[in-house]
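Participant: Can you make the complete structure from the sequences, with help from the hints?
Given next are the chains, with one letter for each unit.
Number of protein chains: 2
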Amino acid sequence: MRPSIVLFGDSITEEAFGEGGWGASLANHYSRSADVVLRGYSGYNTRWAARVAGRAVASIASPVSAVTVFFGANDAALPDRACALQHVPLAEYKDNLRAIFALLKKRWPSVVVILITPPPVDEDGRLRNECRYPYAHDFSGLPERTNAAAAAYARACVEVARQWGLRAIDIWSRMQRFPGWEKSFLRDGLHLTPRGNRVLFEEVVFALKDANLSLEALPADLPLFSDIDPDNPVKSFEDQE
Amino acid sequence: MRPSIVLFGDSITEEAFGEGGWGASLANHYSRSADVVLRGYSGYNTRWAARVAGRAVASIASPVSAVTVFFGANDAALPDRACALQHVPLAEYKDNLRAIFALLKKRWPSVVVILITPPPVDEDGRLRNECRYPYAHDFSGLPERTNAAAAAYARACVEVARQWGLRAIDIWSRMQRFPGWEKSFLRDGLHLTPRGNRVLFEEVVFALKDANLSLEALPADLPLFSDIDPDNPVKSFEDQE
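The listed protein sequences derive, respectively, from chains D and C.
Residue numbers 0 to 240, in numbering that gives the first Met the number 0, belong to the letters of the first sequence in order.
Residue numbers 0 to 240, in numbering that gives the first Met the number 0, belong to the letters of the second sequence in order.
Possibly wrong hints are sitting among the right ones.
[To be verified] Straight-line Cα separation of at most 25 Å, SDA-like style, residue types lysine to any residue; simulated pairs:
1) C:Lys208 to D:Glu18
2) C:Lys93 to C:Val111
3) C:Lys93 to D:Asp230
4) D:Lys93 to D:Glu18
5) D:Lys234 to C:Pro88
[Stated by the list, open to error] Beta-carbon label-pair distances, calculated as ranges:
6) C:Glu201 to D:Leu141: 40 to 50 Å
7) D:Phe177 to C:Gln162: 26 to 36 Å
8) D:Asn231 to C:Asp187: 24 to 34 Å
[What the hints assert, rightly or not] Example chain C residues on the side facing chain D (calculated, C-beta under 7 Å, incomplete):
9) Met0
10) Glu13
11) Ala23
12) Tyr40
13) Gly42
14) Ser58
15) Leu84
16) Gln175
17) Phe177
18) Arg186
19) Leu221
Hints were generated in silico from the structure; no laboratory data involved.
No residue lacks a Cβ here, since even glycine has one placed at the ideal position from N, Cα and C.
Facilitator: Shown next as structure tokens:
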């Protein structure tokens with residue numbers, strides 16, 4: 000039985016199978032050993048995610064080895080600017096992450112939950128980005144998200160992970176170690192470019208490896224072509240029917 | 000419950016989540032409405048695939064709406080050249096496709112099965128490609144696959160589909176309608192470039208639409224952000240818990 004790796008998150012997860020996407024790269028990486036299941040909900044914050052988490056994963060019947068929980072980019076939208084609708088206070092963000100974790104753990108007791116912090120915000124990139132939300136035109140000239148706010152949510156996410164003994168990927172810090180992260184990793188100040196996707200993919204692969212879910216640790220589904228005996232190929236399949 | 004779309008095939012399926020891959024594009028297309036499940040087995044022909052089909056799909060517990068069955072590129076390897084091991088005679092290829100279809104239909108009676116023909120072969124591209132199979136060094140200077148052989152398997156695939164009332168994607172014919180298909184769509188004379196992947200993706204989307212599995216026909220999983228009432232967002236989730 001192939002295990003599944005579930006990606007639960009907001010738009011950065013929903014678009015993870017787009018060009019150069021971290022989800023597609025994961026599915027490619029585990030092409031013979033695990034299913035990568037997409038559960039990304041654009042625009043969602045943890046308040047809404049916590050409410051729907053049970054339903055979001057209800058149709059996943061296979062054994063789930065790991066879930067990435069990647070929220071916070073919308074929670075961190077400022078409460079007095081254009082995307083106020085999405086804002087969730089910091090304390091509630093932490094409670095919601097705990098509730099999501101508890102729900103996943105109840106459903107799959109041995110599941111590895113990996114929390115991912117919100118990415119950094121490039122405020123200049125946000126301002127250049129034409130707002131896609133029909134009701135959110137804001138003429139203040141101020142971005143609806145700031146990197147300082149994202150920082151607070153990233154720290155909170157790491158703290159929840161530490162308290163509960165979970166793995167965390169601090170993508171907020173990781174990305175900012177690269178000079179030029181603003182335009183290199185973020186296409187609109189928030190969502191990932193193909194290069195940004197690559198950084199996240201690497202971090203997820205590393206976290207999965209750390210959780211004993213590396214390629215080497217997972218058995219390949221059915222015999223690899225290179226292991227098939229050329230003199231008696233059908234023999235390789237005799238115990239697979 | 001999200002339905003699943005299963006991709007069952009050889010290496011062209013196994014690598015469908017690589018750069019620009021048709022599988023990743025499908026998963027992106029259906030990101031909120033269906034799961035795309037990868038069951039690609041590099042090097043496999045229909046003889047081996049028919050033996051393992053039951054096991055390959057055993058772990059898929061969700062409702063499966065459609066399966067693409069994409070074999071023939073290996074069956075069509077010539078019996079007297081470097082990849083003879085993979086060769087399957089034409090009549091057996093057809094029997095194996097029927098057996099795979101019967102197995103899928105028994106497991107999911109209302110499943111839509113889409114047969115995909117092998118792609119065309121660019122013999123020049125094959126000869127330039129360093130053979131990756133350790134035991135298959137062939138000093139004849141002749142390619143192990145020819146476009147004429149692929150044509151016969153493509154026709155047989157279309158014929159099986161017609162006889163059994165299945166949808167078929169004749170990617171062998173479709174690709175050759177484009178001048179320069181040899182290098183534009185095939186990276187090594189057989190496997191798809193990102194542009195070749197795009198052609199196949201379009202055909203699969205069209206076939207799924209024809210089977211009433213278009214984006215419009217499938218409900219979105221959980222409320223879309225654009226449908227959430229900004230004055231009372233939580234209301235949208237009240238019946239989703």
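Participant: All hints, please: hold or fail.
Facilitator: The hints, checked one at a time:
Of the supplied pair hints, the one linking C:Lys208 and D:Glu18 holds, its CA atoms being roughly 23 Å apart against a limit of 25 Å. Taking the CA atoms of C:Lys93 and C:Val111, the gap is near 18 Å; set against the 25 Å cutoff, the hint holds. A C-alpha spacing of about 24 Å is found between C:Lys93 and D:Asp230, which places the hinted pair at or below 25 Å, so the restraint holds. Among the hinted pairs, D:Lys93 with D:Glu18 is inconsistent with the structure: their alpha-carbon atoms are about 31 Å apart, more than 25 Å.
A threshold of 25 Å between alpha carbons decides the hint, and for D:Lys234 with C:Pro88 the separation of about 19 Å falls inside it, so the pair holds. Taking the beta carbon of each, C:Glu201 and D:Leu141 are about 42 Å apart, inside 40 to 50 Å as hinted. Range check, D:Phe177 to C:Gln162: Cβ separation about 57 Å, and the 26 to 36 Å hint is violated. Between D:Asn231 and C:Asp187 the CB atoms are about 28 Å apart, so this pair conforms to the stated range of 24 to 34 Å.
Hint on C:Met0 holds. Least Cβ distance to chain D is approximately 4 Å, under the 7 Å limit. About 5 Å separates the beta-carbon of C:Glu13 from the nearest beta-carbon of chain D, less than 7 Å, and the hint is met. The beta carbon of C:Ala23 comes within 4 Å of a beta carbon in chain D, closer than 7 Å, and the hint placing it at the interface holds. The interface hint given for C:Tyr40 is met, as the beta carbon of that residue sits about 6 Å from the closest beta carbon of chain D, less than 7 Å.
Because the smallest distance between the Cβ of C:Gly42 and any Cβ of chain D comes to about 3 Å, under 7 Å, the interface hint for this residue holds. With 7 Å as the threshold, the beta carbon of C:Ser58 comes within range of chain D, its nearest partner Cβ sitting at about 4 Å, so the hint holds. Because the smallest distance between the Cβ of C:Leu84 and any Cβ of chain D comes to about 5 Å, under 7 Å, the interface hint for this residue holds. For C:Gln175, the suggested interface contact is broken, since its CB lies about 27 Å from the closest CB of chain D, more than 7 Å.
Of the supplied interface hints, the one on C:Phe177 is violated, with its beta-carbon coming no nearer than about 22 Å to a beta-carbon of chain D, more than 7 Å. At a threshold of 7 Å, the smallest CB-CB gap from C:Arg186 to chain D is about 15 Å, leaving the interface hint violated. The beta carbon of C:Leu221 comes within 5 Å of a beta carbon in chain D, closer than 7 Å, and the hint placing it at the interface holds.
Checked against the numbered hints above, the structure breaks hints 4, 7, 16, 17, 18 and satisfies the rest.
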